[in-house]
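Starting from the given sequences, assemble the full structure and let the hints guide the process.
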Amino acid sequence: MKISEILELCDARLVCGNERISNEVTSAFSSDLMSDVLMLPAEKLLLITGLCNIQTIRTAEMAEIRCILFVRNKRATEEMKSLANEHGMVILETPFSLFRTSGLLFAGGLKPVY
Amino acid sequence: MGIEQQYTVKGGDFSHAGSASSHVRKLLKQLEIAPEKIRRIVIALYEAEMNIVAHASSGIVRIFLEKDAIIMVLEDQGPGIPDIEQAMKEGFSTASRKVREMGFGAGMGLANMKRNADLLEITSTVRVGTTVRMTNYF
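As they're listed, the protein sequences go chains V and W. Just so we're aligned, residue 1 is where the first sequence starts under the numbering used here, counting upward by one. Just so we're aligned, residue 1 is where the second sequence starts under the numbering used here, counting upward by one.
Treat the hints as calculated values from the structure; they're not laboratory data. Some hints here could point you the wrong way.
The following label-pair restraints were derived from C-beta to C-beta distances [what the hints assert, rightly or not]:
no.	chain 1	residue 1	chain 2	residue 2	range
1	V	103	W	6	35 to 41 Å
2	V	23	W	125	27 to 33 Å
3	W	82	V	97	36 to 42 Å
4	V	104	W	131	30 to 36 Å
5	V	21	W	127	31 to 37 Å
6	V	11	W	66	47 to 53 Å
7	V	40	W	89	19 to 25 Å
8	V	104	W	31	38 to 44 Å
9	W	96	V	100	28 to 34 Å
Below 20 Å or equal to it, Euclidean Cα-Cα: the simulated SDA-like pairs (lysine to any residue) are [unchecked claim]:
no.	chain 1	residue 1	chain 2	residue 2
10	W	67	W	123
11	W	10	W	83
12	W	26	V	85
13	W	98	V	108
14	W	98	V	33
15	W	29	V	88
16	W	29	V	31
17	V	81	W	37
18	W	37	V	104
19	V	74	W	135
20	V	74	W	29
21	W	114	V	39
22	V	44	W	35
23	V	44	V	95
24	W	26	V	82
25	W	114	V	40
26	W	29	W	19
27	W	67	W	39
28	W	29	W	14
29	W	89	V	36
30	W	37	V	39
31	W	98	V	32
32	W	26	V	88
33	V	81	W	35
34	W	98	V	31
35	W	29	V	64
36	W	10	V	53
37	W	89	V	53
38	W	98	V	50
39	W	29	W	135
40	W	26	V	86
Only a predicted model underlies this, so the values are computations on that prediction, with no experimental measurement involved. Don't be surprised by glycine CBs; every beta carbon is placed ideally from N, CA and C.
Structure (structure tokens):
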């Protein structure tokens, strides 16, 4: 699924990584627990999370995750956007809940990791 | 190669937590180490660095890059671990609310370090500190 399709399905805002909007993700993982995120295979993975702080971006950096979707209307800070930009990430924000977001993207064809 | 690096980690400094791991990641990329090897190394190191931030008052991270391996030694001044075997169990945690708010502290850190490090050795003295030594081969 293209990142542009995620934007549409989840009524999301693109806050970082405009030039990478046509990149693809194939699977997604929803979690607010970063140690669980660090255990995943990261190939073309979307991280869906309500945990919105600098450690979310750091975790994505270490795990080589390139796209993060923040749910529940959480807003990335300037510090987070700057770190995400530095590492070539895309950041999206949706007003929807974690459950609704996950459901929409699952129905739209994104695969679960397990 | 014989490269050595040293970083200071401050306990409780969540905004800079991970900066040592980030620097090591950049260094390994420059050295063109295989991406999957880099990923395992930095995940193990990041969890260990987070543990210093989460539990200790301060710590030193020393990185030794050899021709065929990276050795990571993290030495902290902190509460120590009374029972290392218990601490290694997934789900066991003594983390504060602040650590949990950062998305950590669920008792997965040491298990994740063990999973990603080729060799892991932990020594600890209660009320003095903990030393973690990890080795990964290229």
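Verification of the supplied hints:
1. 103(V) - 6(W): 35 to 41 Å: Since the Cβ atoms of residue 103(V) and residue 6(W) sit about 48 Å apart, the hinted range of 35 to 41 Å is violated.
2. 23(V) - 125(W): 27 to 33 Å: Once the Cβ atoms are compared, 49 Å apart, the range 27 to 33 Å for residue 125(W) and residue 23(V) is violated.
3. 82(W) - 97(V): 36 to 42 Å: holds (40 Å)
4. 104(V) - 131(W): 30 to 36 Å: violated (47 Å)
5. 21(V) - 127(W): 31 to 37 Å: Roughly 53 Å apart at Cβ, these two residues miss the hinted range, so it is violated.
6. 11(V) - 66(W): 47 to 53 Å: Since the Cβ atoms of residue 11(V) and residue 66(W) sit about 51 Å apart, the hinted range of 47 to 53 Å holds.
7. 40(V) - 89(W): 19 to 25 Å: Holds, since residue 40(V) and residue 89(W) (Cβ atoms, about 21 Å apart) stay within the stated range.
8. 104(V) - 31(W): 38 to 44 Å: Distance hint for residue 104(V), residue 31(W) holds at roughly 42 Å.
9. 96(W) - 100(V): 28 to 34 Å: Hint holds: Cβ distance 31 Å, inside 28 to 34 Å.
10. 67(W) - 123(W): With Cα atoms ~26 Å apart, residue 67(W) and residue 123(W) exceed 20 Å; violated.
11. 10(W) - 83(W): Outside the cut-off at roughly 24 Å; violated.
12. 26(W) - 85(V): Between residue 26(W) and residue 85(V) the Cα gap is close to 15 Å, so the pair holds against 20 Å.
13. 98(W) - 108(V): Measuring from Cα to Cα gives roughly 36 Å; hence the hint is violated.
14. 98(W) - 33(V): holds (13 Å)
15. 29(W) - 88(V): holds (15 Å)
16. 29(W) - 31(V): violated (28 Å)
17. 81(V) - 37(W): Roughly 27 Å between the alpha carbons, so the hint for residue 81(V) and residue 37(W) is violated.
18. 37(W) - 104(V): violated (34 Å)
19. 74(V) - 135(W): This hinted pair is violated, its Cα atoms lying about 38 Å apart.
20. 74(V) - 29(W): violated (32 Å)
21. 114(W) - 39(V): With Cα atoms ~12 Å apart, residue 114(W) and residue 39(V) stay inside 20 Å; holds.
22. 44(V) - 35(W): holds (14 Å)
23. 44(V) - 95(V): Violated, at roughly 23 Å.
24. 26(W) - 82(V): OK: residue 26(W) and residue 82(V) at ~17 Å, within 20 Å.
25. 114(W) - 40(V): Holds, at roughly 15 Å.
26. 29(W) - 19(W): Holds, at roughly 15 Å.
27. 67(W) - 39(W): With Cα atoms ~18 Å apart, residue 67(W) and residue 39(W) stay inside 20 Å; holds.
28. 29(W) - 14(W): Answer violated: residue 29(W) to residue 14(W) is near 25 Å, above 20 Å.
29. 89(W) - 36(V): holds (15 Å)
30. 37(W) - 39(V): Roughly 14 Å between the alpha carbons, so the hint for residue 37(W) and residue 39(V) holds.
31. 98(W) - 32(V): This hinted pair holds, its Cα atoms lying about 14 Å apart.
32. 26(W) - 88(V): OK: residue 26(W) and residue 88(V) at ~14 Å, within 20 Å.
33. 81(V) - 35(W): Roughly 24 Å between the alpha carbons, so the hint for residue 81(V) and residue 35(W) is violated.
34. 98(W) - 31(V): holds (18 Å)
35. 29(W) - 64(V): holds (12 Å)
36. 10(W) - 53(V): holds (18 Å)
37. 89(W) - 53(V): violated (27 Å)
38. 98(W) - 50(V): Holds - the C-alpha atoms of residue 50(V) and residue 98(W) are around 16 Å apart, at most 20 Å.
39. 29(W) - 135(W): Answer holds: residue 29(W) to residue 135(W) is near 18 Å, not above 20 Å.
40. 26(W) - 86(V): Answer holds: residue 26(W) to residue 86(V) is near 12 Å, not above 20 Å.
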